[in-house]
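Engineer: Sequence:
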Amino acid sequence: NTPTWFNVSETTESSLRVDLARPIDVAAAGTTDPGLTNLLNTLRGAGYGIQTQNNRIVINSIPALAVKPFDSNYQLRTPFKANGGVAFFFGKSAFVSGNVEYVAYEGMRLSSNDENADGGLSDGTYTNDVKRAYRNVVNLKVGGEYRIQNISLRAGFSYYPDQYKQTFDNLDRSRSIYSGGLGYRNDKFYVDVAALYGKSASAYSPYVLNNTADYASAKINNATTQVILSVGTYF
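If you count by this note's numbering, then the sequence shown holds residues 1 to 235, one letter each, in order.
No lab work stands behind these hints, which were simulated from the structure alone.
C-beta atoms are modelled at their ideal positions from N, C-alpha and C, and glycine is treated no differently.
Here are the in silico distance ranges between beta carbons for each label pair:
id, residue 1, residue 2, range
1, 85, 208, 36 to 46 Å
2, 199, 89, 25 to 35 Å
3, 15, 114, 18 to 28 Å
4, 124, 205, 25 to 35 Å
5, 128, 224, 25 to 35 Å
Whole structure, please, built from the sequences with the hints as guidance.
Structural biologist: Here it is in structure tokens:
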């Protein structure tokens, strides 16, 4: 697999609409304060609804507020990936397979020549941040199956090393996944049951300060279990 280059164009805009449950009381009708008069004229020019009700000056509507659309363009390059695998068959009753995947996270790029883009895109700051935080890894997968007449026994293991450099926060985020399965097949139907157990570590920081000694993070040990049942019939 080769890396993928994306040319991303984004347009951002926002608006706010307010519906008043009741008019906003401003001042008594007939008030001659020059400052208030100028304010009311400015609000009218901006689209505010201003009326006199029960001898009071009130605002009974507010125009929708919107910002001008903001256009930006940037380029993204995803990591280079390469896969390779091998399988060994033992007659018709068993096989063992292995797969290796190389992922070059350090090769990711974020850049832009757009004058409206974030400065970190044009001066290479974000790309350098990626190089400092990420490392290239090799993912490993092995598995096998053994058949006894109509019954199949399966087992597998996957290991995904931590893509972050250890100098990033000294936390090992590597993932391990163990799997096992049992299947039965005949000429009319099949039943397969598979179980997967995965474990990894992560961290959570409710807030971040410039000095890491001034705040704490919670280390989280993640463990997941999945059970998959498949039943089918042949027509």
